[in-house]
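*Asks:* Letter by letter, the chains look like this.
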Amino acid sequence: MARLTMIQAINQALAQAMEADERVMVMGEDVGRNGGVFRATDTLFDRFGPDRAVDTPLAEGGIVGTAVGLAVYGMRPVVEIQFMGFTYQAFSQLVAQAARVRYRSLGRYTCPMVLRAPYGGGVKALELHSETLEARALHTPGLKFVTPSTPHDAKGLILAAIEDPDPVIVAEPLRLYRSHRDEVPEERYTVPIGKARLVREGTDVTLIAWGSQVPTAVAAADLAAEAGIRVEVIDLRTIVPMDQDAIIASVEKTHRAVILQEAPVMGGVGSEVAALISERAILSLEAPPVRVGGYDMPFPPASLEEEYLPTPERVKAAIDRVCRF
Amino acid sequence: MITVEFPRREVLRPDGTLVGPMPNLGPEQLRDLYRTMVTARVFDQRALNLQRQGRIGTFAPAAGQEAAQVGAVFAMHRDEWLFPTYRSHPAMLAHGVPLERLFLYPLAHPQGGVPPEGVAVYSIAISIAAHLPHATGAAWASRLRGERKGFVALFGDGATSEGDFHEALNFAGVFKAPVVFLCENNGWAISVPREHQTAAETIAQKAVAYGLPGEVVDGNDALAVYQAVDEALERAREGGGPTLIEAQTYRLGPHTTADDPTRYRSPELLSEAERKDPILRLRLLLEGRDLWSEPDEQALREEAAQAVKDAYERAQATPAMTLEDLAAHVYAEEPPYLRREMEGLA
Numbered sequence: 001m002a003r004l005t006m007i008q009a010i011n012q013a014l015a016q017a018m019e020a021d022e023r024v025m026v027m028g029e030d031v032g033r034n035g036g037v038f039r040a041t042d043t044l045f046d047r048f049g050p051d052r053a054v055d056t057p058l059a060e061g062g063i064v065g066t067a068v069g070l071a072v073y074g075m076r077p078v079v080e081i082q083f084m085g086f087t088y089q090a091f092s093q094l095v096a097q098a099a100r101v102r103y104r105s106l107g108r109y110t111c112p113m114v115l116r117a118p119y120g121g122g123v124k125a126l127e128l129h130s131e132t133l134e135a136r137a138l139h140t141p142g143l144k145f146v147t148p149s150t151p152h153d154a155k156g157l158i159l160a161a162i163e164d165p166d167p168v169i170v171a172e173p174l175r176l177y178r179s180h181r182d183e184v185p186e187e188r189y190t191v192p193i194g195k196a197r198l199v200r201e202g203t204d205v206t207l208i209a210w211g212s213q214v215p216t217a218v219a220a221a222d223l224a225a226e227a228g229i230r231v232e233v234i235d236l237r238t239i240v241p242m243d244q245d246a247i248i249a250s251v252e253k254t255h256r257a258v259i260l261q262e263a264p265v266m267g268g269v270g271s272e273v274a275a276l277i278s279e280r281a282i283l284s285l286e287a288p289p290v291r292v293g294g295y296d297m298p299f300p301p302a303s304l305e306e307e308y309l310p311t312p313e314r315v316k317a318a319i320d321r322v323c324r325f
Numbered sequence: 326m327i328t329v330e331f332p333r334r335e336v337l338r339p340d341g342t343l344v345g346p347m348p349n350l351g352p353e354q355l356r357d358l359y360r361t362m363v364t365a366r367v368f369d370q371r372a373l374n375l376q377r378q379g380r381i382g383t384f385a386p387a388a389g390q391e392a393a394q395v396g397a398v399f400a401m402h403r404d405e406w407l408f409p410t411y412r413s414h415p416a417m418l419a420h421g422v423p424l425e426r427l428f429l430y431p432l433a434h435p436q437g438g439v440p441p442e443g444v445a446v447y448s449i450a451i452s453i454a455a456h457l458p459h460a461t462g463a464a465w466a467s468r469l470r471g472e473r474k475g476f477v478a479l480f481g482d483g484a485t486s487e488g489d490f491h492e493a494l495n496f497a498g499v500f501k502a503p504v505v506f507l508c509e510n511n512g513w514a515i516s517v518p519r520e521h522q523t524a525a526e527t528i529a530q531k532a533v534a535y536g537l538p539g540e541v542v543d544g545n546d547a548l549a550v551y552q553a554v555d556e557a558l559e560r561a562r563e564g565g566g567p568t569l570i571e572a573q574t575y576r577l578g579p580h581t582t583a584d585d586p587t588r589y590r591s592p593e594l595l596s597e598a599e600r601k602d603p604i605l606r607l608r609l610l611l612e613g614r615d616l617w618s619e620p621d622e623q624a625l626r627e628e629a630a631q632a633v634k635d636a637y638e639r640a641q642a643t644p645a646m647t648l649e650d651l652a653a654h655v656y657a658e659e660p661p662y663l664r665r666e667m668e669g670l671a
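Residue numbers (our numbering), protein chains in the order written: chain Y, 1 to 325; chain A, 326 to 671.
These are computed hints drawn from the structure, not numbers from a lab.
We put the CB at the ideal spot given by N, CA and C, even for glycine.
Errors might be hidden in some of the hints.
What the hints assert, rightly or not - Counterexamples of contact, computed for chain A against chain Y with all Cβ distances above 12 angstroms: (1) Val-329; (2) Arg-468; (3) Ala-502; (4) Thr-527.
As the list claims (entries may be wrong) - Straight-line distance between alpha carbons at most 20 angstroms, and here's what the computed EDC-like set of lysine to aspartate or glutamate pairs gives: (5) Lys-601/A <-> Glu-425/A; (6) Lys-634/A <-> Glu-622/A; (7) Lys-195/Y <-> Glu-659/A; (8) Lys-195/Y <-> Glu-658/A; (9) Lys-124/Y <-> Glu-305/Y; (10) Lys-501/A <-> Glu-29/Y; (11) Lys-501/A <-> Asp-51/Y; (12) Lys-634/A <-> Glu-425/A; (13) Lys-253/Y <-> Asp-320/Y; (14) Lys-501/A <-> Glu-305/Y; (15) Lys-474/A <-> Asp-555/A; (16) Lys-124/Y <-> Glu-307/Y; (17) Lys-474/A <-> Asp-51/Y; (18) Lys-501/A <-> Glu-425/A.
Assemble the whole structure, with the sequences as input and the hints as a guide.
*Replies:* Here's what the structure looks like:
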């Protein structure tokens, strides 16, 4: 088994999907000859040709809008949007069109497309290059949304997304693209959409995180362990459809919950998780669920991002709060 | 300023005489074209009346635009996809959607958005111009799959101001998507006249900027529209890529049943447009060639009225659907939380 970075695992997943199914095509800005600005589509142009590793004009709405048509007509387009923040320019096509193709036609037409985009801060980028947008998908019935935190899950979730009969957004944590390597099986495999991953078992607090925040969650759990608090860390992996049962089962065991996200806290996915816990597990709780996340301001200029992004220390403080309640 | 000359293709004058040679349509096809246009008009008027009586919901009439729509569809093969708008019932009817299904849409029945199996019509996307990139994508997919088909996307003059219009035509040009973009320039986007949509003299000239062929046709002339779309589709099927056609027509009715056009449109403008009615001139042509008679006309009107009446009754009798039925179509697999919500458990 090879040890791959996340970007290498993504590249391998795309290549294997294209080998296995000639309907699969990758498309986006600079994904062809250049192999993608982060190299996710490296060598695909040479291996599969310009019709299947497609350099598109520079228009996110057009990329997603034509991908809808391609998907409806039997292709399996895998769109790359260069940064998640650029999906704002494709918002209408994603939310008002891709998400509704099946529903408005009662299944006569479907939209099996994948949209991949790197997201999140921590790499000192320009404005709109560090957005974290899972809450928009959570509020859009018809879209699915997954976000891997490891190279292994990145490959398996992308392959699952390509096989999925509905539109799936794969949000790839930009800062984890090359941060570490993982054992990644050579063969094609899928990580099921809708299933959370237990990262670390614990008995005192459930810490729920996803995507870019999973390493922060693990670091916070390490800090807590030094203080004798055993934290159970759950990586949601899928935001829509969320693995609610995994969250509830863990909270019923630990009686305390901290939810960690990179996006602004208000109206975020963490709020939905907190509401879920309150509705389904209130009698198990020893303390109110606490959310940790970005502040409710647009993502700051890069010189201030370290102060903005959640840190293990901030998460540890939240763990302390729910333990001392 | 660079000006681009776009001569307007005209075949049939308002008085029913021909400008140039007859397109390749035989007598029976001409009669069929006329019958379909009249049936669409009868449906249109009946739907308007039913809405006024409170028996169906919001409806967007297409009266005046039958030549542009039916003429275009007559150039299509049955397996070539039509991308309609909410004002495309004449085209949908011509391409095989039954009248009864057309009633389900203003009846707000979920099946109103579902063309029957075997009918190559896409669902109505509502957002203006949002379906145009889909048409480009589907046509592009058809080319990638090695088919020799040409698709037709309908939209109005207002849609040409949208970003989706630009992106759809630009992508179609780059990827040689076999699609005919047929703009029904009916003069109005609700209350806003065509001159306020663009400073360009014609909509067709926008094709130049995308590297596509563009053409203006008399949109009330079914034969001119047929001929222009036929040529564009043939080019598309042969790998020649997309075409933009501006069919200059006129919306005789309101934008929708929720609109009162007397607030922004003078009676003189309307009566001038009514003199150019696309149905009238086709009848004059047929009569001039002894292909149509007054008894034919009476029989057609009665037949169409009966068909529309029966269709409405069948549409009304269509079994209602429930929210639970719809819940099954949000995703291929219904998420467990949706079921919990609907059972009052979440």
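*Asks:* A separate judgement is required for each hint: does it hold in the structure or not?
*Replies:* For each hint, the structure was consulted:
A cut-off of 12 angstroms between C-beta atoms confirms that Val-329/A is not in contact with chain Y; the least separation is 23 angstroms. With a cut of 12 angstroms on Cβ distances, Arg-468/A falls inside the contact zone with chain Y, its closest approach being about 9 angstroms. Ala-502/A, annotated as away from the interface, has a beta carbon of chain Y within 12 angstroms; the closest lies near 8 angstroms. With a cut of 12 angstroms on Cβ distances, Thr-527/A stays outside the contact zone with chain Y, its closest approach being about 23 angstroms.
Pair hint Lys-601/A plus Glu-425/A does not hold up; C-alpha atoms about 29 angstroms apart against a cutoff of 20 angstroms. Between Lys-634/A and Glu-622/A the CA atoms are separated by roughly 18 angstroms; this keeps the pair inside 20 angstroms, and the hint holds. Between Lys-195/Y and Glu-659/A the CA atoms are separated by roughly 15 angstroms; this keeps the pair inside 20 angstroms, and the hint holds. Distance restraint check for Lys-195/Y and Glu-658/A: the Cα-Cα separation of roughly 15 angstroms lies within the 20 angstroms cut-off, and the hinted pair is therefore satisfied.
Between Lys-124/Y and Glu-305/Y, the direct Cα distance comes to roughly 8 angstroms. Compliance with the 20 angstroms bound is thereby established for this hinted pair. Restraint check for Lys-501/A and Glu-29/Y: the C-alpha separation of about 18 angstroms stays at or below 20 angstroms, so the hint holds. Restraint check for Lys-501/A and Asp-51/Y: satisfied, since their Cα atoms lie roughly 12 angstroms apart, inside the 20 angstroms limit. Taken as a hint, the Lys-634/A and Glu-425/A pair is honoured in the structure, with Cα atoms around 9 angstroms apart against an allowance of 20 angstroms.
Straight-line distance between C-alpha atoms of Lys-253/Y and Asp-320/Y comes to about 18 angstroms, which keeps the hinted pair within the 20 angstroms bound. For the given pair, Lys-501/A sits about 44 angstroms from Glu-305/Y by alpha-carbon distance, which is inconsistent with the 20 angstroms threshold. Distance hint between Lys-474/A and Asp-555/A is fulfilled; the C-alpha atoms sit about 12 angstroms from each other, no more than 20 angstroms. Among the hinted pairs, Lys-124/Y with Glu-307/Y is consistent with the structure: their alpha-carbon atoms are about 12 angstroms apart, no more than 20 angstroms.
For the hint pairing Lys-474/A with Asp-51/Y, the CA-to-CA distance comes to about 18 angstroms; that is within 20 angstroms, so the pair holds. This hinted pair does not check out: Lys-501/A and Glu-425/A have alpha carbons roughly 36 angstroms apart, beyond 20 angstroms.
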